[in-house]
Amino acid sequence: MGILIEGTQITKSFGGVTAVNGVDFHVLQGEIVGLIGPNGAGKTTLFNLITGLFSPDTGEITFAGKTLKGLKPFEICRLGIARTFQIVRPFLKMTCLENVLIGLIGKEGQTSRPQAKIRKARNIMQITGLAHLETRMAKDITLIEKKRLEVARALATGPKLILLDEVMAGLNLSEIQQASELIKKIRNDFNVTILWIEHVMGAIMKTSDRVIVMDQGKKIMEGKPDAVVADQRVIEAYLGQSDA
Amino acid sequence: MYLTNGIVIGIIYAISALGVTLIVGIMKVVNFAHGELYVFAGYFSYYMSVSLGLSPLVAMPLSVFLVFLIGLLMEKALIRPTYGDDMYSLIVTFILSIVLQNLALLIFGPYPNKPPNLIFGATNLFGLFYYGNQRLLSFFISLAILLFIFYLIKMTWFGKSIRAVSQDREMASRIGIDHYRINMLSFGLGAALAAAAGVILSPIFPVTPSGSAAISLTAFVVVVLGGMGSLKGCLVGGLILGIIENLGAAYISTMYRGIFGFILLILVLVFRPWGLYGQKT
Amino acid sequence: MKSSTIWFSVAGLSVAIILPFFLSQYWLHVMIISLFYVMMASSWNLLAGYTGQVSFAHAAFAGVGAYTSGMLSVFLGVSPWLGILIGIISAALLGLGLGVLCIRMGGIYLSLTTLGFSEIIRIIITNEDNWTRGTMGLQTPGLFVEYSKTGYYFIFLAVAVAIGVVIYKLIHSEWGLTMRAVLNDEIAASASGINTINVRLLAFTFTSAIAGLAGGLYGHYLMLVTPDIPSLGQMFLVLAMAVIGGMGSFAGPIVGSFVLEILSEYIREWGEYHVLIFGLIALAMARFAPEGLMGLWINKRKGHGHTN
Chain A
0 MGILIEGTQI TKSFGGVTAV NGVDFHVLQG EIVGLIGPNG AGKTTLFNLI
50 TGLFSPDTGE ITFAGKTLKG LKPFEICRLG IARTFQIVRP FLKMTCLENV
100 LIGLIGKEGQ TSRPQAKIRK ARNIMQITGL AHLETRMAKD ITLIEKKRLE
150 VARALATGPK LILLDEVMAG LNLSEIQQAS ELIKKIRNDF NVTILWIEHV
200 MGAIMKTSDR VIVMDQGKKI MEGKPDAVVA DQRVIEAYLG QSDA
Chain B
0 MYLTNGIVIG IIYAISALGV TLIVGIMKVV NFAHGELYVF AGYFSYYMSV
50 SLGLSPLVAM PLSVFLVFLI GLLMEKALIR PTYGDDMYSL IVTFILSIVL
100 QNLALLIFGP YPNKPPNLIF GATNLFGLFY YGNQRLLSFF ISLAILLFIF
150 YLIKMTWFGK SIRAVSQDRE MASRIGIDHY RINMLSFGLG AALAAAAGVI
200 LSPIFPVTPS GSAAISLTAF VVVVLGGMGS LKGCLVGGLI LGIIENLGAA
250 YISTMYRGIF GFILLILVLV FRPWGLYGQK T
Chain C
0 MKSSTIWFSV AGLSVAIILP FFLSQYWLHV MIISLFYVMM ASSWNLLAGY
50 TGQVSFAHAA FAGVGAYTSG MLSVFLGVSP WLGILIGIIS AALLGLGLGV
100 LCIRMGGIYL SLTTLGFSEI IRIIITNEDN WTRGTMGLQT PGLFVEYSKT
150 GYYFIFLAVA VAIGVVIYKL IHSEWGLTMR AVLNDEIAAS ASGINTINVR
200 LLAFTFTSAI AGLAGGLYGH YLMLVTPDIP SLGQMFLVLA MAVIGGMGSF
250 AGPIVGSFVL EILSEYIREW GEYHVLIFGL IALAMARFAP EGLMGLWINK
300 RKGHGHTN
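Protein chains in written order, with numbering that gives the first Met the number 0: chain A, 0 to 243; chain B, 0 to 280; chain C, 0 to 307.
Derived by calculation from the structure, the hints in this document are not laboratory data. A quick note: this is a predicted structure, and the numbers were derived from the prediction, not measured. Any given hint might turn out to be false.
Each computed DSS-like pair below joins lysine-lysine, with the alpha-carbon atoms no more than 30 Å apart [as the list claims (entries may be wrong)]:
id : chain 1 : residue 1 : chain 2 : residue 2
1  : A       : 116       : C       : 299
2  : A       : 92        : C       : 301
3  : C       : 148       : A       : 92
4  : A       : 138       : C       : 148
5  : A       : 119       : C       : 148
6  : A       : 71        : B       : 27
7  : B       : 27        : B       : 113
Isolated chain A (complex conformation) (with noise of 0.2 Å):
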């Protein structure tokens, strides 16, 4: 398995807070990698900076080899980079399908027939458990559909990777029971490399392969996650954060 994406000391600061601080990262081909860390780690700052919505102070991004530098969020994207939002953005005014659509269209443009992407804009929403809201309007559905909009639209794009920012929060169990079975068909049937951020600790250890740590804008540990588990400064990061 070779290096999909790769960061090296990417830092990030706004005003006078610097919320990524030197990170190195990279995530190898086919593998899901968890991203965790207590609230302000500087995750959600990481995934702005791999779409292009920000770019870093200092530092590279690169995807399949090739630099991210100067590219715009819709450029990454096409790459092959795509992401869900930790505060759901879907289209609110078009339906559930039409979101989708919008994916497709971001990808393929012209060089498909508007039949062709409508069917595979159902195929995915089947995949996904939204077949049933292909004439909702977005707005109109929970914000657990929402979420999984937001993963259907992204798939949509045909993505090498995908970015999913807290996809579980306000599950319930068996609802987390069927993400995480999303996230490695995800994996397995699409051959989609994937890089989450998740505060569901269970599921993120279950499903990973690896998980890296940030606490404050720097990175303070990755390795398998039983390891992470056991790791002292993980637990006082998280430790520290609950007294406060």
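Mind docking chains B and C on chain A? Use the hints.
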């Protein structure tokens, strides 16, 4: 001479632009009715001093206060429901500008009016040329207003709340700042600044209802040039535009006075679209 | 296409085609002006209602079309038809240029720059009176050798319908979908691989070209091109028609154009007041019924009792 004119006019432009930038910075709303508020203030001050016989010294602040109240009312009735929808706030303030302009035509008529001067005569400046006292006085009043606004924003509780709201509305409300109140007050203050520029400048350049678009545009050019939301940008931008317009009118063409601002706007958009002191995002 | 839409279009078109045989010359004139506004308001709505970009230069681009074609025919003897074509191209190129400059900076900048552009066009036209005849207006030749109001009516009808069809196709195509995505959430659209700047720029250029076309036709109909065509007052009328009719819907601006133009014939006697009245109506609509007449009608038809 032209340079002095440019600086005097530039300072007044800065005041007018401050009114726009304050509202943009805090509420992300561009007030297209800015020029109309300026014109209303000019007419108020004219009628108060000519028809009611008030001293200009009373009429000027009273007109500004009146427009401040109009501003509060506008925010509450029309702008507040558009929060979060930039497009609708643009449309609403544009319609408002047309309504106010036509209202001004109905009430005040199409003829230019000029409130009386506060002071007459001229002073010899630096032994070089004579300069109108009215203009000199305008300059000092404007400077005082500018300093007051800078003080207000940088030093007082109101200013801190304004900056908190403009940076993070949610966070501000969490620490107990009522952002509705702040928005309303700052919209009123923005309107009052348009009015201040109006009452100061109208004895020099008479106001007409149809002149309001040009006044708004001048303020917008200064805001874009200085950088949206930047106070310092307004001052520097105002001075630059004032000087360029006066030199341009003197040496190139008076008819095209209004065009220099637009050329400047285009140049800014080409070379430094976030403005002199704006945040590059 | 829904069957009700087809039904409405067929009925509307049939009425439109037999209309001139029943109308007086005066009302035929009102219909022609309404059709001009249909072209203007529909295209402005495509820009504002579907991509969220509020341009204040739509009337200015109509002015570019009218003056380009007018001056070419007066000074160079170019055929008005060719002139209109060149007018369209000029409006499109100016739109493209302005768009390239300000669209990447976001919506507010587009509004500010287009307002400035509009004012500049006015200054140039009033000052270059050797070429434009300033506020006196430029007398231009008509489209026909023999003047015929009915002829103009059918030309305006054909062009308005053609523009309507193109806009309808566009908003129901993948392009329309991407435009709505950009309007809904620019960041999410960009993260889904949509080049949002391009979508905005194309919409702006295309609608500016339509304004140029409408203006060119209008100038050769009136046979007098004045600075009123590119004025902000005209801009306001177009905007008010879209807002009152209903932004973001296909039929809204069409309804708005006819309603306002016909209404203005009835309240013309109130002179100065009529712009003020339109302004107040538009403000009330924007405040209380942001989806316009179409929104009110659709809600009523659905029989929804719920309030938002």
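Results for each hint:
Taken as a hint, the residue 116 (chain A) and residue 299 (chain C) pair is broken in the structure, with Cα atoms around 35 Å apart against an allowance of 30 Å. Between residue 92 (chain A) and residue 301 (chain C), the direct Cα distance comes to roughly 18 Å. Compliance with the 30 Å bound is thereby established for this hinted pair. A distance of roughly 43 Å separates the Cα atoms of residue 148 (chain C) and residue 92 (chain A); the hinted pair therefore is violated under the 30 Å criterion. Restraint check for residue 138 (chain A) and residue 148 (chain C): not satisfied, since their Cα atoms lie roughly 49 Å apart, outside the 30 Å limit.
The suggested pairing of residue 119 (chain A) with residue 148 (chain C) is violated, with an alpha-carbon distance near 52 Å, which exceeds 30 Å. Restraint check for residue 71 (chain A) and residue 27 (chain B): satisfied, since their Cα atoms lie roughly 24 Å apart, inside the 30 Å limit. Among the hinted pairs, residue 27 (chain B) with residue 113 (chain B) is inconsistent with the structure: their alpha-carbon atoms are about 34 Å apart, more than 30 Å.
The structure shown violates the earlier hints numbered 1, 3, 4, 5 and 7.
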